[in-house]
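Protein chains in written order, with the numbering used here: chain B, 590 to 1003; chain V, 590 to 1003.
Be aware that a few hints might be false.
The list treats identical chains as interchangeable, and a pair is accepted whether it falls inside one copy or across any two copies.
Calculated cross-link-like contacts (lysine-lysine; reagent style DSS-like; alpha-carbon spacing at most 30 Å) [to be verified]:
hint, residue 1, residue 2
1, K814, K733
2, K966, K908
3, K617, K966
4, K617, K793
The hints are simulated quantities; they were obtained by calculation from the structure and are not laboratory data.
Number of protein chains: 2
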Amino acid sequence: MIAEILNIGTELLLGHVVDTNSAYIGRKLAGIGVNLYHKATVGDNKPRARAALREALSRADLVIITGGLGPTEDDITREIVSEVFGIPQIHSDEAMNHASSLLKGRGHQSLSSLERLAQVPEGATLIPNPRGTACGFIVEKMGKQVICLPGVPGEMEAMMELTVIPYLARLEGGGEIITSRTLRICGPGEAEIEDRIRHLLHGKSNPTIAPLVSLGEVMLRITAKASSLEEADVMIHRIETELRECLGQDIYGTEDDEIQHSVVRLLRERNLTCAVAESVTGGLISHKLTEVPGCSKVLGLQVTSYSNDAKVKVLGVPKEDVRRHGAVSREVAIRMAKGILCLSGADISISTTGVAGPTKDDHMHSIGLVFIGLAWKYGVTCGRFEFFGTRSEIKERAAKRSLDLLRRHLLSHH
Amino acid sequence: MIAEILNIGTELLLGHVVDTNSAYIGRKLAGIGVNLYHKATVGDNKPRARAALREALSRADLVIITGGLGPTEDDITREIVSEVFGIPQIHSDEAMNHASSLLKGRGHQSLSSLERLAQVPEGATLIPNPRGTACGFIVEKMGKQVICLPGVPGEMEAMMELTVIPYLARLEGGGEIITSRTLRICGPGEAEIEDRIRHLLHGKSNPTIAPLVSLGEVMLRITAKASSLEEADVMIHRIETELRECLGQDIYGTEDDEIQHSVVRLLRERNLTCAVAESVTGGLISHKLTEVPGCSKVLGLQVTSYSNDAKVKVLGVPKEDVRRHGAVSREVAIRMAKGILCLSGADISISTTGVAGPTKDDHMHSIGLVFIGLAWKYGVTCGRFEFFGTRSEIKERAAKRSLDLLRRHLLSHH
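Whenever a hint applies, use it, and build me the whole structure from the sequences.
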């Protein structure tokens, strides 16, 4: 099956929004062996959108349209699909009920908006939208299919996952599969990792290993091409084993795992609780941990003690330590970790203190200097780091590194 | 002038790379009044790339190609441009010297790679690349132009900035300028906002007003087209004034402002400090506030009291209130806000308690139920909300709404 993607939205042409949708769809289609040869973007303009859809249908069996499904007059996708396929639009009770039930209790409801959300081309199959008001739909005519999805990434992704991919995978059957697996590493940098796996990187064309750097971590993507998913999986598994032999505990997770997932998983497995005292990371460690369902089982208390006063009053850091060593110091990091451990009654705690910028602190420490403390029943430890980047990047790197230190501690001590 | 973008690269179709280039180019073209009506992506496949270029040239005066300029056989841009324009490729000493001087000292140099980098269509004007080995080029024939740039974002951007935009701005001359301004709103939903400004939305083609929904907020983008920037600014200012008359304090900011920027600005203007007690938002409010430089002047203390124990022990919520009303209740939200106000000595505090999911809480409250408390020297208040979405979306909506309540309180009480 040959597919194309058509994105509709003037904001994409003006560059106000970066199109992440089509990369997501591309990955999903590759995973089930659907060939994607072309993607295009046009604005909220009917003649140009119609022309683009006609062109796409002249080349491909399947066109996935994103965007233009909202309740306003700018939302032209329903109209252009109906026009190109020569099918009238009809009112769908199902789409109407879905939209009005979601809008219920949110106060104001405009009838004309609701009615637009309920219009679909006659004969279309609805695609449920678990995260938003606009349903998607599939229309088929003379062997060509069009699948329409909203442009909001979260909604589009849920609908792809739940409905579109299972539907296409059934249609598609055979064909060559491209599949990949990602290993995630926090701590060592890209150059160090490449050095350690150099003998595996060279001369490999299938599977390939691609290092990708993201904020505070490195991902290794293994990609294999084979005639079946099973065969591709075997190829990937073989390389993964070799990589794990080189990198060991530096690999904290795979695929969409983030460092907080590993930490919560480890704490739950070991039946331990943690607490967090943040200064430079400003609540980000806690935010990351609480993104993980079930986190309430392992995290009881977190404090952001941004002021010295809060460090002293709430966490019990001795005033004298702050005065003598400054808030950004090994001593204060350790006192913060001990303080929150005691206050929370948790099994293990982490603390951060540092300078996120954009200006230096009162002691003229350089921007990016961060101390990360760790305290548990039988001991304490503290690391000194120099992170780089913007305020927001320094927070992100320091939060990830803190969680990774906690993870490594759990692996080696518990 | 009408332009199109053509991206060449199989990695873009497979979704291994998100295309940020064309959003960047779109913004730059809009800034000098070049109309961009269409963008397309194809893989490293000559017949399909040729066809896409021919199509683009049939509609537009200018096609900007990114990608496919590297030194390998996969890099097909030079060939397809030569073929479509019917111009031979020739060797450019200038391109060769540039590439070899950059590669000097980097160890391995392959002559055939170098030679590929030196090939350009005859008559092309070279575009210097200050950040990489591959020069770009401009080819013109029969009133149509093609500009070829590398796909690496940093290289492409430097070349756009230094050469392409000045060149196009000169060509374009008295062309039209498109510029836009965004107003940001937290609180009312899209449908309600559209109803309140319906008389401004209709029959307007210049400037246009486009509502864009993002998680927990709505943006209104005003876009004007005029012969000069000054004229466009006047048009935008006129509409903005009318929108502000309809929406008043619901507009919290403009452009890239986020709700936390407004809050920190207001607190600093009024010389006030705040404190935060989070349960359901898990540190996200604090994380957002501490993203703003200078936040340490206004935020002293934040606590994530995820467990009931922490609510009681650290924030002083009476055990009896938790037992009788449950942790997710108006009573507990108010006690949390009062508790953190007292502990921190801040002027105003906010608190959140609710159910982020994916499962209901012990009292079988529905997912998305959130109470937001606000306490200050002379009073307390609490709002009840039902947010929808994933765990992470509920946290995001609740955090933004909390900050917006704080903002509205500061505007009306201080």
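Evaluated hints:
Taking the shortest alpha-carbon separations for K814 and K733, only the intra-copy value of 24 Å comes in at or below 30 Å, while the best inter-copy value is 39 Å. In this homomeric assembly, K966 and K908 come within 30 Å of each other (Cα to Cα) both inside a single copy, at 24 Å, and across copies, at 28 Å. Taking the shortest alpha-carbon separations for K617 and K966, neither the intra-copy value of 46 Å nor the inter-copy value of 54 Å comes in at or below 30 Å. In the homo-oligomer, the alpha carbons of K617 and K793 lie at most 30 Å apart inside one protomer (24 Å), although the nearest pairing across protomers, at 39 Å, exceeds that limit.
Checked against the numbered hints given earlier, this structure breaks only hint 3.
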